[in-house]
Amino acid sequence: MIRDITLGQYYPGDSILHRLDPRIKILATLAYIILLFIVNEWIGFAACFVFLAVEVALSKVPLSYILRGLKVIFLVILFTFVLNLFMYDGEVLVRIWKLTITDQGLKRALFMAGRLILLIISSSILTFTTTPIQLTNGLERLMKPLSKIGVPSHEIAMMMSIALRFIPTLLDETDKIMKAQQARGADFESGNILHRAKQMIPILVPLFISAFRIAQDMALAMEARCYHGGQGRTSMTEMRFRTRDYITAVILLLFAAGIITLRVLI
Amino acid sequence: MDKTKLSTRRLIQGALIAAIYAVLTILLAPISYGPMQVRVSEALTILPALTPVGIPGLTIGCLLANLLGPYGIFDVVFGTLATLIATIGSYLLRDHDWLVPLPPVIANAIIVGGMLHFAYGVPGLWACMGWVGLGELIACYVIGLPLLKFLKRYKHIFE
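Residue numbers (our numbering), protein chains in the order written: chain W, 13 to 278; chain F, 774 to 932.
Derived by calculation from the structure, the hints in this document are not laboratory data. Please read these numbers as outputs of a predicted model, since none were measured by experiment. Keep in mind that a hint or two might mislead.
Unchecked claim - Result set (DSS-like, lysine-lysine): computed pairs, CA atoms no more than 30 Å apart in a straight line:
id : chain 1 : residue 1 : chain 2 : residue 2
1  : W       : K191      : F       : K922
2  : F       : K925      : W       : K72
3  : F       : K925      : W       : K119
4  : F       : K922      : W       : K119
5  : W       : K210      : W       : K188
6  : W       : K188      : F       : K922
7  : W       : K210      : F       : K922
8  : F       : K928      : W       : K83
9  : F       : K928      : W       : K188
10 : W       : K160      : W       : K191
What the hints assert, rightly or not - If you want the ones that stay clear, here's a sample from chain F, every Cβ over 12 Å from chain W, calculated:
id : residue
11 : L797
12 : V826
13 : D848
14 : L865
15 : L872
Cβ atoms here follow ideal geometry from the backbone N, Cα and C, with glycine treated the same way.
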């Protein structure tokens, strides 16, 4: 069961979006999401939709793959839609027993659900086209200016990469511990939620002890290879901005300017 | 030399705490995200009471788990912020076992509950906060508190 879990959502490919610098992709995703919240009219919303549709087409990630990601949160979208539908006053469109659907409610429900879907797809595009390692490297470089004010950006990025490296190892370890405890009569599948929650403890304690043993060995191995923190450390592939990254930045700025003008004018 | 030795080990311990948090969140994914979540990994927020490296470790773990999760960038920013505040709170209350699991309950109920309402448009601010808070309460007190007691027996591994 544990082996079926795919880590992250990276979809291997060689599209223009895959090749963009991770820094620009992180910043672009943040900017897009802020813009989604600035938009309050249908025209702006449509513009955001088209922008994302172009992005999806450029990423060459199959649509079915993207929609599968939405399935996980389908219930939340539905929940948001239905609740918004009945919550607002306005001209009554349909009346079912005591519940009424108004034009305002329908408008708001569609708007909220639409925004939620765009929000999820836009950040999925980032994780679909960027490997977790590229993401952490990108974050490290983006946080670099912060180290001047005392934020340990190298240490944070290092922890992130090591954690990513060890997630599959610890998944295996958890699997092993669960089987070992089941062999000793532990029962993870029955009982109410409180009972099941309590059953986690016999898994967690050995998991910790095993993880800290790994930490001990790894620290020793790193020091034996003269690891001494971030200073003067070089990397095998240096990140640098190329023409395509600058073009992306310009397109994004134009789009943002358009959306903001729209908001001011309407 | 001694100082770097300590910090390399601490660094890796933090990284592995982050990995454990992410593993538990991913493994139990259906109940880890959303308005009615019982994120079992939140039980780990008792760790700062045992070792200060739990603060960066759990914050990064939460960042990774949310980055890999289906909820997008808001969960990454606000969920991580909530965990950072919660772990600092737990660290400050480390001398009182019963209070250690309290900061994550409060921080997550307010920040994650608020986020679900304002950013994702789930109606009912108090309901959002209440449900997230209840989930945290189960994770932190039913699992977290006994875990703290057990791990205290193995205190030497955190050295």
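Each hint tested on the structure:
1. W/K191 to F/K922: 24 Å, holds
2. F/K925 to W/K72: 51 Å, violated
3. F/K925 to W/K119: With a Cα-Cα distance of about 55 Å, the restraint between F/K925 and W/K119 is violated, given a limit of 30 Å.
4. F/K922 to W/K119: Measuring from Cα to Cα gives roughly 52 Å; hence the hint is violated.
5. W/K210 to W/K188: 19 Å, holds
6. W/K188 to F/K922: Distance of about 24 Å is within 30 Å: holds.
7. W/K210 to F/K922: 13 Å, holds
8. F/K928 to W/K83: The hint is violated at about 43 Å.
9. F/K928 to W/K188: Given pair F/K928, W/K188 holds - Cα atoms ~24 Å apart, limit 30 Å.
10. W/K160 to W/K191: 48 Å, violated
11. L797: 8 Å, violated
12. V826: Incorrect as stated: the minimum Cβ-Cβ distance to chain W is 9 Å, not above 12 Å.
13. D848: Since the minimum Cβ distance to chain W is about 9 Å, F/D848 lies within 12 Å and the statement is violated.
14. L865: At about 20 Å from chain W, F/L865 clears the 12 Å cut-off, so the statement holds.
15. L872: 20 Å, holds
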